Structure formats: structure tokens, C-alpha cells
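The residues making up each chain are set out below.
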Amino acid sequence: MHKLLKDSPGEKIMLLGNEAIARGAVEAGVAFATTYPGTPSSEISLNLFQMSQESDLYFEYSTNEKVALEVAAAAANSGLRTFCMMKHVGLNVAADPLMTLAYVGVTAGMVILTADDPAMFSSQNEQDNRYYAKFGGLPMLEPSSVAEAKDMIEQAFDLSEELKQPVLLRTTTRINHSNAFVTFGAIKAQKTKGRFERDPMRCVTVPAVSRGLHVKLLEKLEKTRDLSEASCFNFVQGKGDLGIIANGVSFHYAQDAVTDLGIEDKIRILRMGFSNPMPENKIKAFLKACTRVLVIEEGEPFMEEAVKAFAQEEGITIPIQGKSSTLFSRLSEYDPAMVREKIALCFGVEYTRPETIDVSDLPEIANRPPNLCSGCSHRATFYAVQKAADGMDIICPNDIGCYTLGFMPPLSTGDFVICMGSSVSTSCGFSKATDQKVVSFIGDSTFFHSGITGLVNAVFNNHNFTLVILENGITAMTGHQPHPGVDMEQMGHSGYGRVNIENLVKVLGVEHVSVIKPFKVKKSIDTIKEALAFKGVSVIISQEPCILFAKSLKLKKPRPFEVTDKCTDHKECINGIVCPSFYIDEGRVKIDADTCVGCALCAQICPENAIRPLKK
Amino acid sequence: METTRLVIVAVGGQGNLLASKVLGEAALIEGVEVRMSEIHGMAQRGGVVESAIVFGNATSSIISDGEADILVGFEPAETLRAIKRCSAKTHVITNTATLPPFTVGIGKGAYPEVDTITRLLKEKTAGLVAIDAMAIAREAGSPMSVNIVLLGALIQTGALGFSKESVIEAIKRRTKPAFLDKNLKAFDLGFEAALNSAA
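Same order as they appear, the protein sequences are chains D and U.
Counted the way my numbering counts, the first sequence spans residues 125 to 740.
Counted the way my numbering counts, the second sequence spans residues 1148 to 1346.
Everything labelled a hint here was simulated from the structure, so no lab data went into it.
Mixed in with the good hints there might be a few duds.
As the list claims (entries may be wrong) - Chain D stretches covered by chain U per the calculated footprint, using a threshold of three residues with CB under 8 Å from any CB of chain U: (1) 369 to 382; (2) 453 to 463; (3) 583 to 589; (4) 605 to 612.
Bear in mind the structure is a predicted one, so any value in this text is a computation, not a measurement.
Ideal Cβ placement from N, Cα and C applies to all residues, glycine included.
So here's chain U without its partners, still in its complex pose (with noise of 0.2 Å):
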């Protein structure tokens, strides 16, 4: 596989480090070489927790500036501020349900327009599926699967070249049997959203 490189970047507590490990299992089925980096030190006090994936035969485990092939937002506001990751050739999904940092909801900083922000977004790379994926997990039955509606999203538009299949099978391998059903489903939604998102 040519190298792709994909970065996941997340606030602390929206199941990011799950989300990356599930592509590590994926790869493994699929006969990927996979190398992942994460920085979570400070993720349980509100921090911004980020992966690096690099997907074939690079050996380097980190992501410069630039250098994205693949963006994976969780938050939007958390999207955009990692576009100095993209080129114009990086492929985005994000998710369009706010989690504003403590800073804004206490009135001292800003948050951009969410409206904005996808428009930035598409403007500046090569094509972008936004979707809610909060309110699409909520219906999957888990608030807490956002993560996995997201990997749907992402797998749908094939910018990752892994089968459906593939991942499906990962998330059974990494999931927690009592969260499994929601999860399946969590995924099949965000592969539906991103299908009619690009519609």
C-alpha cells in the first residue's frame, strides 16, 4: 500500500485512542504495515489528544505540517485548528457537533461559526464530508460512539483504501461486548451520512 498518512485529532474523553487502535486492527487484517503516535498526557484534563497513523511502508510514526493525506476532526473548532496538518490534497471528515473549550463557554475566547469553519474547510483541501456525528450516534443508542460514526464516515469515502469489511471486524476485535450492537450500528450511520453528505 502507498503510504497514507491520517491524522485523528479529538477532545480528551471522545474515544480517539479506540477510533486509532481499531484502524491498527483493520491494517492487521488487511496486511497493512501501520505505525501510530499519540499524545494524550494531558487528555483527561481537557485537552486535545491527537493520533498520527502512517499506513504502508514509511517507517516514520509521526506526521509533519503539510503532510496529511487524511484529517479526522471530532470537533470542528479542533478540525480547523489542525489544518496546518493538511495540503491541498487531504482529504477531510469532521464532525459538526461543537464541544467548545471551557475558555469560550466561560466568555473569554472565541468560537468560530460552524458554518465557517466547513466553509474553510472545503475551500482549503481537496473535499470534505462534515457530518453530526453526535446526534447520528445518539440515534445509533451511544453518545459515546462518535468515534466509530466517524471511522463509517471515513471508510465511505475511500480515501482510506480499507474494506468495509475489514473494519467492521477490527471493531469487533476492539470494542467492548456491551457496546458492540450500538457501535455496528454507530458505524453503518456515519457510512450512510458520509454517503449523503457527498450527495
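With the rest of the complex left out, here is chain D (with noise of 0.2 Å):
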């Protein structure tokens, strides 16, 4: 039985903040869940799909978020206890059903997880989905660790019962990537089968309705912050005068400080885990309570400007502080010793900070940059288009997975990145702006998730580039999550249907459509020759398993290479491709064959035809 689906109440068990997540959704009993993959998101979601098999519990992974948010309203709608999670970005996907969804409302509990990311451990922005909650008029709650993430969950689905509304449970990585002890609860029983009861009055969002649906969107505000002003998530520790109002992991890093600096008698601390719409009332008087105030929250002052303009209107002007050049930055993550420093120093308070090592003797430590696998075929897929576009001024827009890490030298396939799908439509826009030739990258997860739609946008517009969709069977950057190109038999999972990338291109129109094996170097570039030569859209399908699934899967038996007494040392393989197995040894290209799956990639390139299959 999977751990998680355990029937124990009062078991302690050391979890990740993701499962501690996954498992507050099973104690609280629900029956539906959707998702596209993200991290930090990414194991909410595995831990459900593998609970899915042998539970009730209706899960998937949808082609994008905006699908995810629309299935799961649908499922909301019907009865069902439903979750939708996905990472910070992936709310930009789904803004435009969930700005809607937020008028109309829920008839089961729903909670849309966001997992944001400051430091972009694995993002390509930080920005604050607070404002999300804010600007949809939704409410949310954020957990300050991974205990409380299990347990608010419960009271999310509540909460939205109560206003028949989405709600909103913000994490950041700090809490879906940490780990600690967990106490399990008792497990509600689900409701898996709903029913759908016609309400056109309240769901179909005809301007007629949707005025009227604003009014009762800005009554439940109200009746949501009174909610916030008597939730249990935001309450006050400590007596002391000067106060301090934290959020999210920044509520530990204070309550840390606080002790480390032993001035536990004179700080009072707000700690808002019911973040949307704010408590006034308790704010303010908190304030009044105060001599001076430091907030402390990763991100935008998003908590900073709502306690001054509350501070305005009751003529408070005590000190409020938060983010400065002096104090905290609006700029990635924060840590206990920078928030014991600056609370030190807002406070005044007395604080020499811990001596450091002197690092200035030593010596220098190459960077350990992250590199694709080695046996990975998007190497050889960047490395033929490089060779068939020899001489030819290109503009390589690239799109978010594991192949972004393509922009980096040699390989240099990546010239602009913003958003998943981004690829595909940006070239439509260079394609237009420019005289260059445009080659364009995208997995086939991500073709699914919103390649597609600008695909069809340079079909109609007969926009003029090349794209080559990456498909390797899976979802690879995120943890080797299923998408509808995929083969579900093979993970051992029957029922679901398979979309073939290749007649999808030519059901939409795309005239030159060519497939390619990347490992087969010589055929691939020839391929691609003919593809760069055609005026119009033409779309190439390099297919080649993700070798890390594949050996997975044992699908793929590595069968190592070795640089032969032939090579004459041209260091086209280290300088083409920059294989992780490849190292230098007394000046000599060798090739680690505990790393190496044999790919062959490097003979092929081999100008001396030096490196072979190692004999055993």
C-alpha cells in the first residue's frame, strides 16, 4: 500500500513538504485531482498518480495548467472534493479560468495549490502569487512549514465549502523541498461520484450574469475577511512593543532570530497564513500595539503596503519597515542569519555576526555547471541543426525543459526563452521581423502543453521556420511524468490513448513534415537540410527515447564506447559536443565507460573513426 494512502491516525513519519501536501489532500478526502508538471510542485503530484492506482481518487496529468484548472472546475462543480496544483508559472497558464472560476465558484471544495520559487531554483522568474489571490478576489492561505502545509489543507477544502469558492494555498520551494516529521490524521471519506445540477444564472458567464456575479464575488470578500480576521492561521506570539508581521518560512527565520538575539520579551510577533484578503482589524491592532513594525516577507511588499495604508487610515505612524536598500530585498530567498542581521538592525538591537572562514586562499574550483546526460539525444538533435545551418544566420528561439540547457556552448541552440510553448510563437514573430532563418525547440510535453496552439498560428499565417519537436517519450525535466504522447502501456498503465505527434502536425497543415532518428548523424542532417530549405512552416520529429527513462524502463542496455590508439586528437567530440562522459587523461580524450550508454554519437563525429564499442 502506498504510504501515504496508510489508515493510522497519530503515526509520525518523516515526510517532504510535496507528500506531507499529496497526503493532507487524502485525509481530507479528495476524490479529484489535475495537474501539469512543475517544480516545486512535482512530487504533490506523483504521490497522487501512483495513489490513483490503487484508490478511489480520479487523478490526471492534463496537457497544460489552463486544462488542469478547467477539468478540476468542472469536477468542483459536480460535488467532488477537488486539488489542482502547479508551479508559480503555471498559474499564468490558468489566470484566465481561474479569474473567471473565481465569479462562478465551486459547489465541492477546491484548492488550487501554487508553488512559487524565489531564487529560481528551477524557474525562469520569481514572481509573487500572492497578487494572484488579490487580483482574482480569491482567498489563500500559506503555510509556514511542512506540518502545517499537511494541515491546512483540510481547512482549505473547508474554507471553500463554506464560501463555495476556489481557494488558494501558496508554497514556496522551502516548503515543498523540505522534510520533517509529520503526524498522520484520520482519513475522510471521499466522494467520488458527483453530479452536476444546471445553474446557468451563476455558470454561464454571459456579461448579464457576470455583472451580477461581480457584486456576490465582492460580498464573499467580505464575508472572507472576516473569516481572516478570526482564522487561527494568522495569530500573534509574544508581548514585547515592537512587532514584527512574517509570512510563509520567513515566520521561522523571525521566530529563530528572536530567540538567537534573546529579546524574546520585547517582540511581538503577526504571523498572516491566511494572507488574502488581509485581517484589518487584527493588523491594526496589532499596530497600536507596536512602536515599530518590521515586515518580513520573501517577495513583493505585499504585506508591507496593506499594513501602511491600514496604519494611514487609523493615523498610526509608527516606523513600519520591510522592504529597503537597507533591509530586506525584493530579490530571491531569504535566510535565518540575513533576517536575524536585519531585525538586529531595524531594532537596534546589538548583533555581531558569526565570524566566516577567510575564503580568499582558495584556490580555484571549476564551476559544475549542469550538462545534458550524457547519451542524451537532444545533443545530437542540437549538434545536427548546427551542422545542416553551417554558415546560415540563424535564430534559434528554444523552450523550457531539459533542452534549454542547449543555449550553452558548443551546442549554442537557444537564443530566447520565456515561457513554455514560447518557442513556437516567438518564431512566428522572428520569422516575420527578421531576414534570418529561424530554427525553432520544443519537447514534445511541452508541444502538448502550448506548442500547439502557435503551430496553428504559423499555419494560418504561413509564417516561414523550421521547428523541431523533441520527442522523447516523456516529460523528462520534471521527473519522468506521462503526456499524451506517450506510451502508457509500457509504464504498466492500461486505459489511456497515445496522440501521435507526427499526423497531429500534418492534420494542422504543416506541408513539410520530416522525422528524424538524432542518433543516426549523417541521415539527420541531410533531413534537416531539406527541412531549412522549405519556404513555409516545416517541423522535424526527432524521436529518441529520454535515455535516463529509457534505462528506467530497461528499454536500453548501455553498451560503453572507447577512444582507440586511431584518434589523432581533434577534440571534435570534447569541443562538438561536450559529453559529460568525455574527460582528458595525460592530454589523451578518454571516455568513462561507467558513464557512457553508447549513443555512438562521438563515432560518428570522430574524424579518424577512433572511438568504437568497448570489447569487454
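Using the supplied hints, reconstruct the complex from the two chains, each of which is provided in its own coordinate frame.
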């Protein structure tokens, strides 16, 4: 049995934040869950997917977050407790349905989780999604710890049912990817079959209906404010007249700092866990008890600005500080020592920084940048495109996935990346705005996510570029989740369909479609040259399974290669493709047999034919 | 338990996260509160995986520069790179078997001498245990056990006040049955190696 399905209330176990969140949803009786994978949210869906195989939970990986939210909205309006999860930028994709679903509401509890990523450990920006709650007029809850994240989910479902509105739950990477002890609670019985009751005056958002719904949304927001005022998630700790207002993980950094500085008797902390709408009266009362206030929040001055506005209304003139050049930054994430130092600075507490080590005499240590894996087929595709386009002035819009790493030299095939699906639509723009040849790249999962619409646009407007779809048979970057092009039988799951990318692209009206096997280098280069010569939209589908996935399914048996004595040291292998299995030993190129999988890309580009399978 | 802050640095694939989970399980057995944080987004693509483990009563789950009580490095250059997490009071346990980044492999970056690394670590911190965890893991029967060898060494130093028995029980709970015998041997050999290294 899946460890998170155990009906053992009181059991204390160590869980990853994302596991705790998945368990919280199960305890809350979630019956329906949807997502598109994205770090730092990925393990929530992985665990729910696994649990759906051995329980009545319905779970799906949708093609993108907008679809996931729309699928979920229907379930939550059919009376099922529904959970929809995504990373922060995913909510941008889902923002369209979100804003109107806030009007329509739900008939059963619906929680939408947004996993924000301050410091951008695995993201293209560090946007602060608290503004989505404010923007949409939706309640938002924010846990400060792993254990609290689990408990908050059930209350988020209850809150959603009370208000008949979706509730946003915001985490950050340091919740999602932290581990801590969690105590299991009881598992609520699921309601797994719902029924949709027709209610066009609520559910059909033509203008006449929506005008009324907007009025109701604002009324609900007032009611929600009362709940925020009374919420146990917004609490005051301590008794001093120096105030700290903090949310999320910053609350714990503040708590530790106050203890470390020995100023427990001087400080009172207001922890904000129900962060939209803000509990106005609670904050005003807090301000009245303080002589100075420091707001500690990663990201934007979301609370700080509200707090200052509340103070203004009450004529409170105490100093309220937060973001500034000397205190807190809007950039990156915070850490305990930094928060301790800023608290000391703000409140004039004596504090000496702990002595750090002198690192001025350390030798140079080479960086360890991420790289495409040994045997990754993307490397071969990028190489073949570079060769095919040799001498041409090309622009290479790239997309979000492992293959984004192709931007690094020497492959250097990534010139513009803004969001999922953007490679295709920006290609439309580049091809119209310039005389350069445009060759863009997108993964299979990302193509389904939002590449298709760009391609439809390109066909209709008769744009001129070559799109390379990197079909490796899985969503590789986030840890091997399926997508609509995946063979689910191969993964041991039945009952799924499968969309063939080649057929799909042809049906869209792309006139020049070719398929390459990227490890057949010469043939691939020839095929790519033909596609580049075509005037109009051409699509190349580069098919080769993700090597890590193929190895995990035992579809590929690694067969290492070696550099033989025929090598005359051209170093085309090392300089052309930077495979991590290469190393130089006493001036000679060698291949690490432990990591080489035998893709034979290097063997094909070696001018001396010096690279051969290793003889056992 | 007084707050003890432990940082583990490793290269993707070396088993950092399993080692952290074993220590978390050991904390559960010992009745010690624990919070851990990890950054593993790029792990499979050759990047560094760093875990922060805070034992005791603090409520934060990450560790600031200069504030690690213990640093365990699974790869010597990464141990040295993480020295900014340490102070003069930090105990360091490091593997001496290198895994040079591919940038070094292809001649585009320098890798310090291991002797230089261990000398610097020793000079700047409260104590160093440096062992060839890879050789020991192979001796135990599996190069995959480097992480458990280093756990053995960590526990021997006493820098983390957990009993040997708790950690062995945690290994039993957290590792796959097929690897258990090799891991238990790896733990013992790591423990012994640290003993000899100190002697």
C-alpha cells in the first residue's frame, strides 16, 4: 500500500513537504486531482498519481495548467472535493479560467496550489503569486512549515466549501522540498461520484450573468475578510512593543532570530497564514500595540503596502519598515542569519555577525554546471541542426525543458526563452520581423502544453520557420511524468489513449514534416537541410527516448565506447558536443565507461573513426 | 537536544537525499526534532545537491553561511566549495575520491589537488575526517554505498550525538532490502575508517 494511504492516525513519519501536502489532500477526502508537472510542485502530483492507482481518487496529468484548472473546475462544480496543483508560472497559464472561476465558484471544496520559487532554483522567474489571490478576489492560505502545510489543506477545503469558492494555497520551494516529521490524521471518506446541477445564472458567464457575479464576489470577499480576522492561521506570538509581521518560511527565520538575539520579551510577531484578504482589524490592533514594525516577507511588499495603508487609515505614525536598500530585498530568498541581522538592525539590537571563514586563499574550483546527460538525444539533435545550418544566419528560439540547456556553448542552440510554448510563437514573430532563418526547439510534453497553438498560428499566417519537436517520450525535466504522446502501456498503465505527434502536425496543415532518429547523424543532417530549405512552416520530429527514462524501464542496455589508438587528437568529440562522459587523461581524450551509454554520437563525428564500442 | 546544523553536499546521483532521510529517521528514533531542506532540481543533470538538516529546537529549515556545525561532503572539491557554510567551530567529514566536473574533464577548469583541499579544510575548521569513501564502499560490495560509508564516519566522530544503533536501525528502515547487507557493512567500514583517520 502507498505509504500516504495508510489509515493510521497518530503515526509520526518523516515526509517531504510535497508528500505531506498530498497526504493532507487524502486526509481531506480529495476525490479528483489535476496538474501539469512543474518543480517545485512535482512530487505532489507524483504521489497522488501513484495513490490513484490503488484508490478511488481520480488523478490526471493534463496537457497544461489551463486545461488542468478547467477540468478541475468541472469536477468541483459536480460536488467533488478537487485539488489542482501547479508551479507558480503555471498559474499564469491558468489565469484565464482562474479569474472567472472566482465569479462562478464551486459546489464542493476546491484547492488550487501554487508552488512559488523564490531564488529561482528551477524556474524562469520568481513572481509572487500572492497577487493572484488579490487579483482574483480569492482567499489564500500560506503555510510556514511542512507539518502545517498538511493540516492547512483540510481547512482550505472546508473554507472553500463554506465560501463556495476555490481557495489558493501558496507554498514556496522551502516548504515543498523540506522534510519534517508529520503526524497522520484520520482519512475522511471520499465522495467519488458527483452530479452537476444546472445553474446557468451562476455558471454561464455571459455579461448579464457576470455583472451579478462580480457583485457577489465582492460580497463574498467581505465575508472572507471576517474569516481571515478570526482565522487561527493569523496569530500573534509574544508581548513586546516591537512588532514583526511575517509569512511563510520567513516566520520561522524570525522566530529563531528572536530567540538567538535574546529579545523574546521585546518582540511580538504577527504570523500571516490567511493572507488574502488581509485581516484588517487584527493588523490595526497589532500596530496600536507596537512602537515600530518590521515586515518580513520574501518576494514583493505584498503585506508591507497593505499594513502601511491600514496604519494610514488609523492615523498610526509608527515606523513601518520592510523592503529597503538596508533591510529586506525583493530579490531571491531569505535565510536565518540574514533575517537575524536585519531584525537587529531595524530594532537597534546589538549584534555581531558570526565569524565566517576566510576564503581568499582558496584555489580555483571549477564550476559544476548542469549539462545534458550522457547519451541524451537532444545533444545529437542540436549538433545535427548546427551542422545542417552551417554558414546560415540563424535564430534558435528554445523552450522550457531539459533542452533549454542547449543554449550553452558549444551547442549554442537557444537564443530566446520566455515561457512554455514560447519557442513556436516567438518563431512566428522572428520570422516576420527579420530576414534570418529561424529554427526553434520544443519538447513533446511542452508541444502538447502550449506549442500546438503557436503552430496553428504559424500554419494559418503562413510563417516561415523550422520547428524541431524533440520527442523523447516523456516529460523528462520534472522527473518522468506522462503526457498525451506517451505509451502508457510501456509504463504498465492501461486505459489511456495516445496522440501521434507526426499525424497531428500533418493534420494541422504543416506541409513539410520529417522524422529523424538523431543518433543517425548524417541522415539527420541531410533531412534537416531539406527542412531548412523549405519556404513556409516545416516541422522535424526528432525521435529518441529520454536515456534516463529508457534506462529506468530497462529499454536500453548501456554499451560503453572507447577512444582507440587511431585517435589523432582532433578533439571534435570534446569540443563539438561536450558529453559529460569525456575526460582528458594525460592529454588524451578518454571515455568514462561507467557513464557512457553507447549512443555513438561521438563515434560518428570523429574524423578518424577512432571511437569504437569497448571490447569486454 | 541543542540545535545542531548539518550540511551535506554531493554531486547528483551520490545518494545525498537518501543519507539525509536516514539521518531524519534516526532523529525520529532518538526523539529529536528535525527539519531538512534540499535543492535537487538539477540533480540528474550533473549538478550539486545540497541538503540542510537542522536538529533540535530551531524552527528554520535552512542553514546560513558560517552556521553549519557539521559539513559532510561526498566529493572533495564540493566540500571545499561549501566551506562558506562553515566557521572555525565546524566539524568536517569528507570523501577524498574525486568526481571532477565535466568542465575539468575537458580541460576547461581547474580541480585542486586533494591534498590541498584536505589541508585547507583542516586549517580552517575544528576538525577533519577525510576518507576514501569510494574505495571503502567498493570493499563493502557496492560503489553506491558511498553515502552510507560517510554516515558511518559521521557517527563515529560524535559531532552528531546519535547512537550507532539508532542509525543502523534507520538504515534498515530506509534502504532497499537488496542493498541492506552491503549498506550495513559500508556503515561499519566507514565508522572504522573514521576511527583510524583520527588515530
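Status of each hint after checking the structure:
Proximity of the region 369 to 382 of chain D to chain U, defined as three or more residues with a beta carbon under 8 Å from a beta carbon of that chain, is established by the 5 residues found. Taking a C-beta to C-beta cut-off of 8 Å, the region 453 to 463 of chain D contributes 4 residues in contact with chain U, enough for the three needed, and the coverage statement holds. Counting residues of the region 583 to 589 of chain D whose CB lies closer than 8 Å to any CB of chain U gives 0, so the stated coverage by that chain is violated, three being the minimum. Residue count for the region 605 to 612 of chain D with a Cβ under 8 Å from a Cβ of chain U: 0. That is fewer than the three needed, and the coverage hint is violated.
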